[in-house]
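Colleague: Protein chains in written order, with my numbering: chain X, 1 to 91; chain Y, 92 to 182; chain R, 183 to 327; chain U, 328 to 472.
Hints may contain errors.
Example chain R residues on the side facing chain U (calculated, C-beta under 8 angstroms, incomplete) [unchecked claim]:
1. W185
2. D203
3. G206
4. A207
5. A212
6. T214
7. D217
8. I262
9. I267
10. F285
11. I292
12. Y314
13. V318
Rather than coming from a laboratory, the hints here were simulated on the basis of the structure. The beta carbon of each residue, even a glycine, is placed where N, CA and C say it ideally should be.
Spelled out from the first residue to the last, the chains are:
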Amino acid sequence: MLVVEFYGVLQQVAGTRSMELETPQSEQLTVGQALELLHERVPGLSEHLPRVACAQAENLVRRDQIVDTHRPLVLLPPVSGGWRGGNGLDD
Amino acid sequence: MLVVEFYGVLQQVAGTRSMELETPQSEQLTVGQALELLHERVPGLSEHLPRVACAQAENLVRRDQIVDTHRPLVLLPPVSGGWRGGNGLDD
Amino acid sequence: MAWMTDEPLLLDQLLQETADDTCGALVVFAGTVRDHHEGRGVSGMSYSAYKPMADKVLQDLEQETLERFPVEQCRIMHRIGDLAIGEASVLVVVRSHHRADAFDAARYAIDTLKVRLPVWKHDEYTDGSRAYQDGVPLQTPDSER
Amino acid sequence: MAWMTDEPLLLDQLLQETADDTCGALVVFAGTVRDHHEGRGVSGMSYSAYKPMADKVLQDLEQETLERFPVEQCRIMHRIGDLAIGEASVLVVVRSHHRADAFDAARYAIDTLKVRLPVWKHDEYTDGSRAYQDGVPLQTPDSER
Numbered sequence: 001m002l003v004v005e006f007y008g009v010l011q012q013v014a015g016t017r018s019m020e021l022e023t024p025q026s027e028q029l030t031v032g033q034a035l036e037l038l039h040e041r042v043p044g045l046s047e048h049l050p051r052v053a054c055a056q057a058e059n060l061v062r063r064d065q066i067v068d069t070h071r072p073l074v075l076l077p078p079v080s081g082g083w084r085g086g087n088g089l090d091d
Numbered sequence: 092m093l094v095v096e097f098y099g100v101l102q103q104v105a106g107t108r109s110m111e112l113e114t115p116q117s118e119q120l121t122v123g124q125a126l127e128l129l130h131e132r133v134p135g136l137s138e139h140l141p142r143v144a145c146a147q148a149e150n151l152v153r154r155d156q157i158v159d160t161h162r163p164l165v166l167l168p169p170v171s172g173g174w175r176g177g178n179g180l181d182d
Numbered sequence: 183m184a185w186m187t188d189e190p191l192l193l194d195q196l197l198q199e200t201a202d203d204t205c206g207a208l209v210v211f212a213g214t215v216r217d218h219h220e221g222r223g224v225s226g227m228s229y230s231a232y233k234p235m236a237d238k239v240l241q242d243l244e245q246e247t248l249e250r251f252p253v254e255q256c257r258i259m260h261r262i263g264d265l266a267i268g269e270a271s272v273l274v275v276v277r278s279h280h281r282a283d284a285f286d287a288a289r290y291a292i293d294t295l296k297v298r299l300p301v302w303k304h305d306e307y308t309d310g311s312r313a314y315q316d317g318v319p320l321q322t323p324d325s326e327r
Numbered sequence: 328m329a330w331m332t333d334e335p336l337l338l339d340q341l342l343q344e345t346a347d348d349t350c351g352a353l354v355v356f357a358g359t360v361r362d363h364h365e366g367r368g369v370s371g372m373s374y375s376a377y378k379p380m381a382d383k384v385l386q387d388l389e390q391e392t393l394e395r396f397p398v399e400q401c402r403i404m405h406r407i408g409d410l411a412i413g414e415a416s417v418l419v420v421v422r423s424h425h426r427a428d429a430f431d432a433a434r435y436a437i438d439t440l441k442v443r444l445p446v447w448k449h450d451e452y453t454d455g456s457r458a459y460q461d462g463v464p465l466q467t468p469d470s471e472r
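Isolated chain X, as found in the complex:
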């Protein structure tokens, strides 16, 4: 069992802030594999997943890293902090 948390637009797409994901017993799971299981469960996330960053606690985790199933896997979509300029993304 792995808790997955959603932020930003992903909350809208998934329709929830977090969900519990069934994971294979007694087997290590990479972040990438966890995202595949999530994709099967919530197909609507497909276009977002390639641009999502993943974190556990205060650290980003790469797709090839092993998930710590005792902590939530946090999904962070593209960020829009600071300030958005006159004509879009990069200003």
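Given chain X, work out where chains Y, R and U should sit, using these hints.
Modeller: Same frame as chain X, but now just chains Y, R and U:
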């Protein structure tokens, strides 16, 4: 007769904020000529005069312009406004 | 010290925190909520954040800015929650000996914040609709170089 | 509006004067009095100005900055008289749509002010001596180009 006003370090060098300068009667005088007369009167200004800007009222006047003897000729040494950085002039 | 906050950002507070008599140059950048976005009227907005990481990102970015540039002080705060038009979403305060360094450092801090800080903007439009703005994929100090 | 003043410079006042809901970016530059200069302790300083020209120079520089850069607001004030350590000698406030423009415009304004504004700094050192700082020959918009 022409009133000359001093600003900044020039007040220190001339020892006064302003002085009256005798000028040739009934003859037009350029700024440059007025500075020469001033130089004869206050030789200590010699090293400063090449870097001095001159103004009448709110306008700068060039050395080849005719002085309006009804208004003070204002002598402005190199300026140090805004803010002076860690190691001198240009920061 | 605070980095992410749901209270209005107070410039005076950051100016006091960074007071430094050895510095002659101060540069402030503030992002403020505009009344329009891509031709649509904006009535307000809210920022959400992944707070466990966001505080650390700002704290680390302050340190990195102090190390990369010859500046003496750097403070960054970002607002979360509901913001009204004209309110500040982010403040960057830099103090240095040389003014060019303060400008460069402030610019670096805000440019870098935009790709590293896990926060999301949710616009409220004057027609009553709401939308998340798209953004840039999150980067880390490692992934950038 | 005021440009040269012998009262303490108030950032809040300039922020209010320039409030603009169409702008998302604000950049402030402040020059503050440092406690040292070229290795000597500084206890305070004073600025004198040729005021008939100085007000006009700042007013014109605000207009020129607004014309040269895509920025919506630009205000500049410079202090004269006696200043204590830490007090602001100059404030530049710029607001724009794009943050890069606000940085560029504020930098241009302070760089240009330094060669055009007829003001003179007189340092007071902790050893009791005083001295005018040398500066840069005064330029006009015409003489620069």
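Colleague: Evaluate each hint against the coordinates.
Modeller: Comparing the hints with the structure gives:
About 20 angstroms separates the beta-carbon of W185(R) from the nearest beta-carbon of chain U, more than 8 angstroms, and the hint is not met. Taking 8 angstroms as the C-beta cut-off, the interface hint given for D203(R) holds, the closest approach to chain U being about 4 angstroms. A distance limit of 8 angstroms between C-beta atoms decides the matter here; for G206(R) the minimum to chain U is near 4 angstroms, and the interface restraint holds. The beta carbon of A207(R) comes within 6 angstroms of a beta carbon in chain U, closer than 8 angstroms, and the hint placing it at the interface holds.
For the restraint placing A212(R) at the interface with chain U, the shortest Cβ-Cβ distance is roughly 4 angstroms, inside the 8 angstroms limit, so the hint holds. Contact between T214(R) and chain U, as hinted, is supported at the beta carbon level, the nearest pair being about 6 angstroms apart and thus within 8 angstroms. Hint on D217(R) holds. Least Cβ distance to chain U is approximately 4 angstroms, under the 8 angstroms limit. The interface hint given for I262(R) is broken, as the beta carbon of that residue sits about 17 angstroms from the closest beta carbon of chain U, more than 8 angstroms.
Checking I267(R) against chain U: minimum C-beta separation of about 5 angstroms stays under 8 angstroms; hint holds. At about 5 angstroms, the closest approach between the beta carbon of F285(R) and any beta carbon in chain U falls short of 8 angstroms, and the interface hint on this residue holds. Annotation: interface hint on I292(R) holds; nearest CB of chain U at approximately 7 angstroms, less than 8 angstroms. The beta carbon of Y314(R) is not positioned within 8 angstroms of any beta carbon in chain U (closest approach about 17 angstroms), and the interface hint is therefore violated.
Given hint, V318(R) at the interface with chain U, is violated; its Cβ is 15 angstroms from that chain's nearest Cβ, farther than 8 angstroms.
Violated hints for the displayed structure, listed by number in ascending order: 1, 8, 12 and 13.
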